[in-house]
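Enquirer: These are the residues of each chain, in order.
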Amino acid sequence: MTAPPLLELQGLVVRYGAVTAVRGLDLQVRSGELVALLGANGAGKSTTLRAISSLVPVVGGRVLWQGVERTGCRTETTVRLGIGHCPEGRRVLARQSVATNLELGAWLRRDRAGIAADLERCYGLFPRLAERRRQLAGNLSGGEQQMLAIARALMGRPSLLLLDEPSLGLAPKLVAEVMAALAALHQEGLSMLLVEQNATAALEIADRGVVLESGSISLEGTADALLADAGLRASYLGSG
Amino acid sequence: MIEALLQTLLNGAASGGVYALVALGYTLVFSVLGVINFALGALFSLGGYLTYLLMGGRISANGGLPGWGLPQGLSFTPALLLAALLTGLVSLVVERLAFAPLRRRRAEPLLYLITSLGAGLVLVNLLQMLMGAEGYAFPATALAGLPDALQVAGARIRSVQVLLLAVCAAAVIVLTLWLERSRSGRALKAVAEDATTARLLGIDSGAMLRLAFLLSGALAGLGGGLIGVSISLPGPYMGISYGLKGLAVLVLGGLGSVPGAIAGGLLMGLAEALVPGDASGWRDALAFAILFLVLLLRPSGLLGRRQVEKV
Chain W
1 MTAPPLLELQ
11 GLVVRYGAVT
21 AVRGLDLQVR
31 SGELVALLGA
41 NGAGKSTTLR
51 AISSLVPVVG
61 GRVLWQGVER
71 TGCRTETTVR
81 LGIGHCPEGR
91 RVLARQSVAT
101 NLELGAWLRR
111 DRAGIAADLE
121 RCYGLFPRLA
131 ERRRQLAGNL
141 SGGEQQMLAI
151 ARALMGRPSL
161 LLLDEPSLGL
171 APKLVAEVMA
181 ALAALHQEGL
191 SMLLVEQNAT
201 AALEIADRGV
211 VLESGSISLE
221 GTADALLADA
231 GLRASYLGSG
Chain X
1 MIEALLQTLL
11 NGAASGGVYA
21 LVALGYTLVF
31 SVLGVINFAL
41 GALFSLGGYL
51 TYLLMGGRIS
61 ANGGLPGWGL
71 PQGLSFTPAL
81 LLAALLTGLV
91 SLVVERLAFA
101 PLRRRRAEPL
111 LYLITSLGAG
121 LVLVNLLQML
131 MGAEGYAFPA
141 TALAGLPDAL
151 QVAGARIRSV
161 QVLLLAVCAA
171 AVIVLTLWLE
181 RSRSGRALKA
191 VAEDATTARL
201 LGIDSGAMLR
211 LAFLLSGALA
221 GLGGGLIGVS
231 ISLPGPYMGI
241 SYGLKGLAVL
251 VLGGLGSVPG
261 AIAGGLLMGL
271 AEALVPGDAS
281 GWRDALAFAI
291 LFLVLLLRPS
301 GLLGRRQVEK
311 V
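Each protein sequence line maps, in turn, to chains W and X. At position 139 of the first sequence (counting the first as 1) the number is 139 in the numbering used here, and the numbers step up by one without a gap. At position 106 of the second sequence (counting the first as 1) the number is 106 in the numbering used here, and the numbers step up by one without a gap.
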């Protein structure tokens, strides 16, 4: 018998008022896997992540974590279970320092030594953050804020990292830098569910890809197969 | 002449310090919840009366328990601190009864205004039932050990005002250090800045909100006790005027800004103190005229941020 997937969504339904954003989504992320969740604007990608973190209520279906149903548990509980969420638009705490942002990422942890070690690990992964650790996060550039948001999520030592459009608004060079950092984390064995509009960049580092259209899956497969798929290329990858 | 000026400035700074405490009380809750807790003035009164009772003061003949008092009173400092703590706990009850039910229903902010105002009125009326409507003066021995006046730079000034200013300054410094340096203070700031992000970090925003209410009530209670001992307890409604003045200070300094609340409080207190004694009826008018003027020139307050943003 194989171990249950780290995260499993069964028939997930999420509504915003009268609008159904996610309709019956089935999705699995296995341990160590990097799954890219792709699709156009409004396809329900961010909503799916927000439902996993209980930021929006789940109307139908189930969320299973390591085989145990956790649908509708508190957001704090999802963090405690090991789900890190790096939100859309970065959302760093602009009025606190880089170091404080990272320390707050470890809010639920009590192991001082482990926190200090992880802090150094984050600074090693993103040396620019180390240079700016005393600065207010609001004074960082967009790319640095994205690195801070990822590092802050890592400080909670997640088993699964949810990433919501980490390349949004970044210059191509920075997109490459962020994707390289994610690939390095994936190499170390971190599981990730990566929401991206930049499908090519995401599929280049992903194991599998899932394409959403109007809240349900229109296409899924290995990252290589999706990258080769001409139809996907035309409708989602654009020229990129 | 110098002596009079020094005393006037000190009086102003001392009452300004109390206004700043009230304004900080509003700021704490506002920064987390985005609404004004109108029960704060009543909590201010409560702090004054609790300090009086904890020091062994007796209830008057018109009160609910005529002649009742604690068998053994505390001295001023422990009584003041305990009263502040108890007021903070009552503030938690106010949160539970007047705020939490609305929060669960995601009610409109306007409704908090009504429920908190109602909670404040209930508190004031309970105080009136227990203590009667008339004023109380603290016993002359309340500050035994504190000399009546101090010599500063050749001038004699009333020491109770120095005490007031010192306690307010200490409270403000402790609060600021806590917000900037401590783990929980930073978490509270995180919730204030972006509640959703704070939740994603695992911070329990409900717990932080309760902490904000506790501290906010304690600050108001501290203010009430200080005014009680330095002036008197004119009646259960005493806190309402301080609550309103604190509200003016809050807007003056910039809604949600901690340094703004402190600067606004001092400015308001000093401006009032500079009104000559024989024109004291104009004090409140002057205070609100200043508020008007500042808002005309700087709509977001002295130290407020441009857009409406929270601490």
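Hints listed in this document are in silico derivations from the structure and should not be mistaken for laboratory results. Each hint should be verified, as a subset may be incorrect.
[As the list claims (entries may be wrong)] Label-pair restraints from in silico Cβ distances:
1. X:V174 x W:G114: 22 to 32 Å
2. W:T77 x X:L113: 43 to 53 Å
3. W:R110 x X:A169: 42 to 52 Å
4. X:W68 x W:R62: 32 to 42 Å
5. W:R110 x X:G56: 20 to 30 Å
6. W:G138 x X:A169: 57 to 67 Å
7. W:G138 x X:P78: 37 to 47 Å
8. W:R62 x X:M129: 52 to 62 Å
9. X:A4 x W:R110: 31 to 41 Å
10. W:G89 x X:S241: 40 to 50 Å
11. W:R62 x X:L97: 32 to 42 Å
12. W:G138 x X:V174: 50 to 60 Å
13. W:I217 x X:R106: 55 to 65 Å
14. X:A169 x W:A94: 35 to 45 Å
[What the hints assert, rightly or not] Output of the computed footprint for chain X on chain W, the stretches with three or more beta carbons under 8 Å from beta carbons of chain X:
15. 122-133
16. 186-198
All figures in this text were calculated on a predicted structure; none of them were measured in a lab. Here a beta-carbon is modelled for each residue, glycine too, at the ideal position from N, C-alpha and C.
Enquirer: Each hint: holds or not?
Expert: Consistency of the hints with the structure:
1. Our hint of 22 to 32 Å for V174 (chain X) and G114 (chain W) holds, since their Cβ atoms are close to 31 Å apart.
2. Checked against the hint of 43 to 53 Å, the C-beta distance between T77 (chain W) and L113 (chain X) comes to roughly 33 Å, which is inconsistent with it.
3. One distance hint, 42 to 52 Å for the beta-carbon pair R110 (chain W) and A169 (chain X), is violated here, with the actual separation near 34 Å.
4. Evaluation of the 32 to 42 Å hint for W68 (chain X) and R62 (chain W) yields a failure: the beta carbon distance comes to about 60 Å.
5. Taken as a hint, the range 20 to 30 Å is violated for the pair R110 (chain W) and G56 (chain X), whose Cβ atoms sit roughly 44 Å apart.
6. With their beta carbons about 29 Å apart, G138 (chain W) and A169 (chain X) fall outside the hinted range of 57 to 67 Å.
7. About 42 Å separates the C-beta atoms of G138 (chain W) and P78 (chain X), a value consistent with the hinted range of 37 to 47 Å.
8. For the hinted restraint 52 to 62 Å between R62 (chain W) and M129 (chain X), the CB-CB distance of approximately 54 Å keeps it satisfied.
9. In this structure the supplied range 31 to 41 Å is violated for A4 (chain X) paired with R110 (chain W), their Cβ-Cβ distance being about 57 Å.
10. A hinted range of 40 to 50 Å holds for the C-beta pair G89 (chain W) and S241 (chain X), which are about 44 Å apart.
11. A beta carbon spacing of about 36 Å between R62 (chain W) and L97 (chain X) agrees with the range 32 to 42 Å that was offered as a hint.
12. For the hinted restraint 50 to 60 Å between G138 (chain W) and V174 (chain X), the CB-CB distance of approximately 26 Å leaves it violated.
13. The hinted window of 55 to 65 Å between I217 (chain W) and R106 (chain X) is violated, with their beta carbons roughly 32 Å apart.
14. At about 29 Å, the beta-carbon gap between A169 (chain X) and A94 (chain W) misses the expected band of 35 to 45 Å.
15. As drawn, the segment 122-133 of chain W meets chain X at 0 residues by the rule of a beta-carbon pair under 8 Å; below three, the given contact is violated.
16. Requiring three or more residues with a Cβ within less than 8 Å of a Cβ of chain X, the coverage given for the segment 186-198 of chain W is violated, as only 0 such residues are present.
In summary, the numbered hints that this structure violates are 2, 3, 4, 5, 6, 9, 12, 13, 14, 15 and 16.
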